[in-house]
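Same order as they appear, the protein sequences are chains V and G. Using my numbering, read the first sequence as starting at 1 and increasing by one per residue. Using my numbering, read the second sequence as starting at 1 and increasing by one per residue.
If you are wondering where the hints come from, they were derived from the structure by calculation, not from laboratory data. Treat each hint with caution, since some may be false.
To be verified - Looking from chain G toward chain V, a few residues come up when the C-beta cut is under 8 Å (computed):
1) K33
2) A176
3) N190
If you're wondering where the values come from, they're calculated on a predicted model, not measured in any experiment. Glycine included, C-beta positions come from ideal geometry on N, C-alpha and C.
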Amino acid sequence: MSFLEVNHIDVFHGDVQVIFDLSLHVEEGEVVSIIGGNGAGKSTLLKTISGLLEPAAGEILFQGSPIHSQPPETIVERGIIHIPEGRRLFTLMTVKDNLIIGAYNRRADGLKEATLEQVYTLFPRLRERQSQLAMTLSGGEQQMVAIGRGLMALPKILMLDEPSLGLAPLLTKNIFEAVRAIADQGTTVVLVEQDVKHSLGMSDRGYVLEHGRTVMEGPAAELMNDPHIKTAYLGL
Amino acid sequence: MIYLLEDTINGILMGSIYGLTALGLTIIFGVLKVINFAHGSLLMVGMYVAFWAATLSGMNPYVALIVVVPIMYAFGYLLQNTLIKPIFKAEKQVREPITVIIVTTGVWYILDNLCLLIFGPQYRALQNNPLRGKMLEIGGMMLSVPKLWGFVAAMITAGAVYWFFQKTRMGRAIRATSLDREAASLMGINQYKVYNMAFGIGTATAGIAGVALIPFFNVYPSVGVLFDMKGYIIVVLGGLGSIWGAMLGGIIIGLIESVCPQFMTATWTEAIVYALFLAVLFIKPSGLFGVKYDW
Ligand SMILES: Nc1ncnc2c1ncn2[C@@H]1O[C@H](COP(=O)(O)OP(=O)(O)OP(=O)(O)O)[C@@H](O)[C@H]1O
Ligand SMILES: [Mg+2]
Chain V
1 MSFLEVNHID
11 VFHGDVQVIF
21 DLSLHVEEGE
31 VVSIIGGNGA
41 GKSTLLKTIS
51 GLLEPAAGEI
61 LFQGSPIHSQ
71 PPETIVERGI
81 IHIPEGRRLF
91 TLMTVKDNLI
101 IGAYNRRADG
111 LKEATLEQVY
121 TLFPRLRERQ
131 SQLAMTLSGG
141 EQQMVAIGRG
151 LMALPKILML
161 DEPSLGLAPL
171 LTKNIFEAVR
181 AIADQGTTVV
191 LVEQDVKHSL
201 GMSDRGYVLE
211 HGRTVMEGPA
221 AELMNDPHIK
231 TAYLGL
Chain G
1 MIYLLEDTIN
11 GILMGSIYGL
21 TALGLTIIFG
31 VLKVINFAHG
41 SLLMVGMYVA
51 FWAATLSGMN
61 PYVALIVVVP
71 IMYAFGYLLQ
81 NTLIKPIFKA
91 EKQVREPITV
101 IIVTTGVWYI
111 LDNLCLLIFG
121 PQYRALQNNP
131 LRGKMLEIGG
141 MMLSVPKLWG
151 FVAAMITAGA
161 VYWFFQKTRM
171 GRAIRATSLD
181 REAASLMGIN
191 QYKVYNMAFG
201 IGTATAGIAG
211 VALIPFFNVY
221 PSVGVLFDMK
231 GYIIVVLGGL
241 GSIWGAMLGG
251 IIIGLIESVC
261 PQFMTATWTE
271 AIVYALFLAV
281 LFIKPSGLFG
291 VKYDW
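Isolated chain V (complex conformation):
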């Protein structure tokens, strides 16, 4: 039994099928990358795991029990936390309120003061900006808030959708280091990325998605050396 198991799911956006008979698994403590081009279905996959979408067929199991027909709030309570693409901060709330709201679930609520300290330790910049409105932050700072907000929920699995989107190379490096630090503390990480080199570089395993199907999977180091990946995603 895997920590998280996705078995043969089909997912639709309205009438359009986006994910076809997709299966994957994530073990406790692993860092797993999901890579694929624009429109491959990566975000749709994460939304389905976090309960924003329901699969039309197949099942999703977390710690052995099915979660695919549960609402997002129940899945958050179980410990699967999804940091969405494009950060999706609460723009007119302060940085601190954004972080505190991350700890809304019952599991995290009682520990929020302590978790907040940990987040400020990981991202000292956020402590300086805590009373600023989230909309006034730079892109990199916003991504720190998005990750911090995810951590506030005390994730067992943290799923990040393109955390490096739109960031300068130096900031991208910082964000990946933060994700690495989170993984090193034992949190299981599912990382969706277009920056294949960085993401595979810090992952244990990876899946390659094309047109809503997994076309390749394996240890990250192997994927990095695969000729198809080298030409299609690494541009070598």
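Go by the hints and put chain G with the ligands onto chain V.
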């Protein structure tokens, strides 16, 4: 000169009560993103509940708040939970589901006619009313005591709602939902519960407005209509979703209504109100004080 000052103060007092009647409208819009056409009817129900609570128990109308607020909160919560929630669920992908507006219109007709059926068309004035026509004289000015209390109720209510949204766990969840429903779901917030609560809070403020009104205003089944048109203007003036915007929008309307007749025939006041409304829509559609949803 003293008359002008007196009219100004009375305008502010009455205007704050207008603001209070519109508070629920702006709260519900801020969270659900739909105009609640039943809001005038909720105010009417609030007035009846306040009227009967005070009449049957012989309580001071303001003491009746302790029953009016919970009854109205529960009423709004259940109304949203049973009638409106199913539509939100059916139209999950739609940000501003138009069908919800149609349902609130239905609720408006049903409530008004139900009250007509139960209570009849007659105007009811509070009997044993300790505040009837009571005036306070300050430096030659005559101020209405029930409106003074209405002002106090309006400010305390707006302050309390604002505090609740800013400082509590549930309040933050409501704000987050109003800003981004999907992201709020990813925080573990049950958005349908948030809608219920927002509707309950909005309805409770309509109940408080009912309490503020009955000492000097008659109750009858279609009384809501008098206030809902004003309410829409107030919330647009103040900025949809803004709590203090609603209070200030109400005060502006109150001032126009009480001060303008000093200078022109009273029929002009309505024209001025609508002209201001249109001007705001043209020049600053987000409202005079609206930072979109500033709570
Ligand atoms: N809400 C939606 N309604 C309809 N179709 C959608 C919706 N969201 C995504 N799609 C479609 O589903 C497909 C997969 O989209 P998805 O966002 O999952 O891709 P992605 O792999 O995350 O791409 P990107 O790397 O660009 O973020 C795309 O063809 C997209 O057009
Ligand atoms: Mg995507």
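Taking the hints in turn, this is what the structure says about them:
Nearest Cβ of chain V to the Cβ of K33 of chain G: about 15 Å, over the 8 Å cut. The hint is violated. The closest approach between the C-beta of A176 of chain G and any C-beta of chain V is roughly 5 Å, which is under the 8 Å cut-off, so the hint is satisfied. Using the Cβ-Cβ criterion of 8 Å, the hint placing N190 of chain G at the interface with chain V is satisfied: the shortest such distance is roughly 5 Å.
When each numbered hint is compared with the structure, a violation occurs for hint 1 only.
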